[in-house]
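As you go down the protein sequences, you meet chains P and U in turn.
At position 160 of the first sequence the residue is numbered 160 (the working numbering), and the sequence of numbers has no breaks.
To convert a position in the second sequence, counted from 1, into the working numbering, add 1000.
Bear in mind the hints are in silico, worked out from the structure with no lab data behind them.
The structure displayed is predicted, hence computed values, not measured ones.
Glycine is no exception: its CB is placed at the ideal position from the N, C-alpha and C atoms.
Be aware that a few hints might be false.
Stated by the list, open to error - Derived DEER-like restraints, expressed as beta-carbon distance ranges:
1. P:Gly250 - U:Arg1007: 54 to 60 Å
2. P:Tyr305 - U:Pro1008: 43 to 49 Å
3. P:Gly180 - U:Arg1199: 28 to 34 Å
4. P:Pro89 - U:Pro1180: 15 to 21 Å
5. U:Leu1023 - P:Gln140: 47 to 53 Å
Said to hold, decoys possible - If the Cβ cut is set under 7 Å, some of the chain P residues that face chain U in the computed set are:
6. Asn96
7. Ala103
8. His107
9. Ile120
10. Pro124
11. Tyr144
12. Tyr240
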Amino acid sequence: MSTVAPGSTTPRAEPAKRAIAVRLDGLRKVYGDVVAVDGIDLEVMTGEFFSFLGPSGSGKTTTLRMIAGFEPPTAGRVELSGRDVSRMPPYERDVNTVFQDYALFPHMDVAQNVGYGLMIAGVPSSDRRDRVAEALRMVQLEGYEHRRPGQLSGGQRQRVALARAIINRPTVLLLDEPLGALDLKLRQQMQLELKQIQGRVGITFIYVTHDQDEALTMSDRLAVFDRGRIEQVGTPAEVYERPRNSFVAGFVGISNVIAGEAARSVMGRAGVYSVRPEKIHLADPVRPPADDELAVDGRIAEVAYLGPETRYIVALDVGGELVVVEQNLATSSTEALAAQGRAVRLIWKRQHSRPLTDEVEWAPAGGSDGP
Amino acid sequence: MNALYARPRSVASLLMAAPLTWLVVVYLGSLALLLVSAFWTYSAATDTIDTTPSLVNFGEIIASSTFRTIALRTMGMAALVTLTTAIIAFPIAYYMARVASHRVRGLLVVAILLPLWASYVVKVYAWRIILSEQGILNWSLEPLGVSGPGYGDVALWLVFTYLWLPYMILPIYAGLERIPTGLLEASSDLGARGRQTFRRIILPLAFPAVVAGSIFTFSLTLGDYIAPSLITSTQFLGNVIFSQLGAAGDLPLAAALGTIPVVLMIIYLLAARRLGAFEAL
Chain P
1 MSTVAPGSTT
11 PRAEPAKRAI
21 AVRLDGLRKV
31 YGDVVAVDGI
41 DLEVMTGEFF
51 SFLGPSGSGK
61 TTTLRMIAGF
71 EPPTAGRVEL
81 SGRDVSRMPP
91 YERDVNTVFQ
101 DYALFPHMDV
111 AQNVGYGLMI
121 AGVPSSDRRD
131 RVAEALRMVQ
141 LEGYEHRRPG
151 QLSGGQRQRV
161 ALARAIINRP
171 TVLLLDEPLG
181 ALDLKLRQQM
191 QLELKQIQGR
201 VGITFIYVTH
211 DQDEALTMSD
221 RLAVFDRGRI
231 EQVGTPAEVY
241 ERPRNSFVAG
251 FVGISNVIAG
261 EAARSVMGRA
271 GVYSVRPEKI
281 HLADPVRPPA
291 DDELAVDGRI
301 AEVAYLGPET
311 RYIVALDVGG
321 ELVVVEQNLA
331 TSSTEALAAQ
341 GRAVRLIWKR
351 QHSRPLTDEV
361 EWAPAGGSDG
371 P
Chain U
1001 MNALYARPRS
1011 VASLLMAAPL
1021 TWLVVVYLGS
1031 LALLLVSAFW
1041 TYSAATDTID
1051 TTPSLVNFGE
1061 IIASSTFRTI
1071 ALRTMGMAAL
1081 VTLTTAIIAF
1091 PIAYYMARVA
1101 SHRVRGLLVV
1111 AILLPLWASY
1121 VVKVYAWRII
1131 LSEQGILNWS
1141 LEPLGVSGPG
1151 YGDVALWLVF
1161 TYLWLPYMIL
1171 PIYAGLERIP
1181 TGLLEASSDL
1191 GARGRQTFRR
1201 IILPLAFPAV
1211 VAGSIFTFSL
1221 TLGDYIAPSL
1231 ITSTQFLGNV
1241 IFSQLGAAGD
1251 LPLAAALGTI
1261 PVVLMIIYLL
1271 AARRLGAFEA
1281 L
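Just need the whole structure built from these sequences, with the hints factored in.
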């Protein structure tokens, strides 16, 4: 989506800095004595597919609703394309929303639902018909113009909701767990379609989800929410490979957190570290680690055979446990399951265990460890 | 009970037998009798009833301009009362369903239901006193240099509107409360201001509830005879039927007149069903 600014003299100039579509500045929302959103600063670039990822109650939907204008912020600002819209009602904001329960108008047919925004904007009916047809083609619902929402399946309603929002060509499209009510197969298909549609229309998408796979698959960047705050912002690869703290490490993918005695033993110093299960190799207990590798000994406590891969839970000799995931490239299920109880050495590259910046919740014994 | 467990339909039939018998015998049976006796004839000279079926009563009703006028006046009153209650009830129901706090809403429901506990005749008499020459209405209007409607059709319209208002508020309130907030947010999100959302979303979705309420207000007005006899000197269908029964003793003619509101209500209910009012009840 990024383009070189026209008239740029240097042939290998850096891509022109993209405009900011949405800027949140110290955004807060308090209900009574419950802080739903606790000071959020964020910039979402034009044309980006940006996800808000977090568990339920983490403030991601409330943040989305403040961008849409359904909830006035308690403090802070919402800017759309550089303009402060914090005090504007939803109908004056150039954003549209795809609701979790779709919120289709039951007394209107599909064409009337999709054309609603254009009708309100006073677009003449012939133009409206063309654009409704075009929008329905985009979501593959041609010929459904005169069906009522009650006559559609969940997946079809979802498409109507998307067409109804996108037809208005908003600056930003907000999607509030739009695939939450669909079954897994349809969900995966819609993920791909949504991403394709976003690429085609070039509208900024802000996508709320609690599903980390969905966020990693679809997003250009994502923000991980927890208890009303953003814990980390980055590309899926950054967030996955370099989680900032144990919450992010735990929420985005399975992650091992090494702390306390285990950290001192393995890393040689106190702290909190993460290592992804697929980065760890099961090795023979006598194999010495290379210079750039770390090792820890343990015993396989549990084996779960998952088809393409096997998950081992290894109890460490120094206390604690680590999860290891290995591809079943040459291992049969019998071999994998027979590994239970075996003594192993876990080896991984030093670069794959990353320090987490948690406020230390456990007191390091003695406190004499140097950095 | 094992044999019945395997036949859930038999259980339902057994349970429903008594209430269904009641409904069929008492309600539909008397309605059928009414219809049958409408085809009998009464002879004032001999004070006897001839049960050979004839259309004499219906012929008399159609030929009589008095009966036609009364039927039209009654329908007009029912329609006017329905319209007025709908106009007054909608804002109250809207406030209750979508604006008021939980507490205020509860208080309003009680305030609307409370008058229904008072005897209907007492309320009509109360209105007689309010509307009388030295009544509170004239007294309070006097400083403004106007006087109240006195007794008559305008006063009757006021009294009916007062009496049936709760029956209009409650269905509309229920209908408005059922509209998901998400639909109003979606409308606003798509650019509609409050007024447009009201016209395009709230009103069409609440309309079946208004029709449901109108079934009550229309039929209650159509069949009432006490309020007209106490408030106005003009005749309504109810009064005429009553006087045919009492003073004239012409039961078959009264029955024939009684079929008019029944037929009107059947037509009204068929129209209401088309407008989705039964889903809104």
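Structure-based check of all given hints:
no. : hint                             : result
1   : P:Gly250 - U:Arg1007: 54 to 60 Å : holds, 56 Å
2   : P:Tyr305 - U:Pro1008: 43 to 49 Å : holds, 46 Å
3   : P:Gly180 - U:Arg1199: 28 to 34 Å : holds, 31 Å
4   : P:Pro89 - U:Pro1180: 15 to 21 Å  : holds, 19 Å
5   : U:Leu1023 - P:Gln140: 47 to 53 Å : holds, 51 Å
6   : Asn96                            : holds, 6 Å
7   : Ala103                           : holds, 4 Å
8   : His107                           : holds, 5 Å
9   : Ile120                           : holds, 5 Å
10  : Pro124                           : violated, 16 Å
11  : Tyr144                           : violated, 19 Å
12  : Tyr240                           : violated, 33 Å
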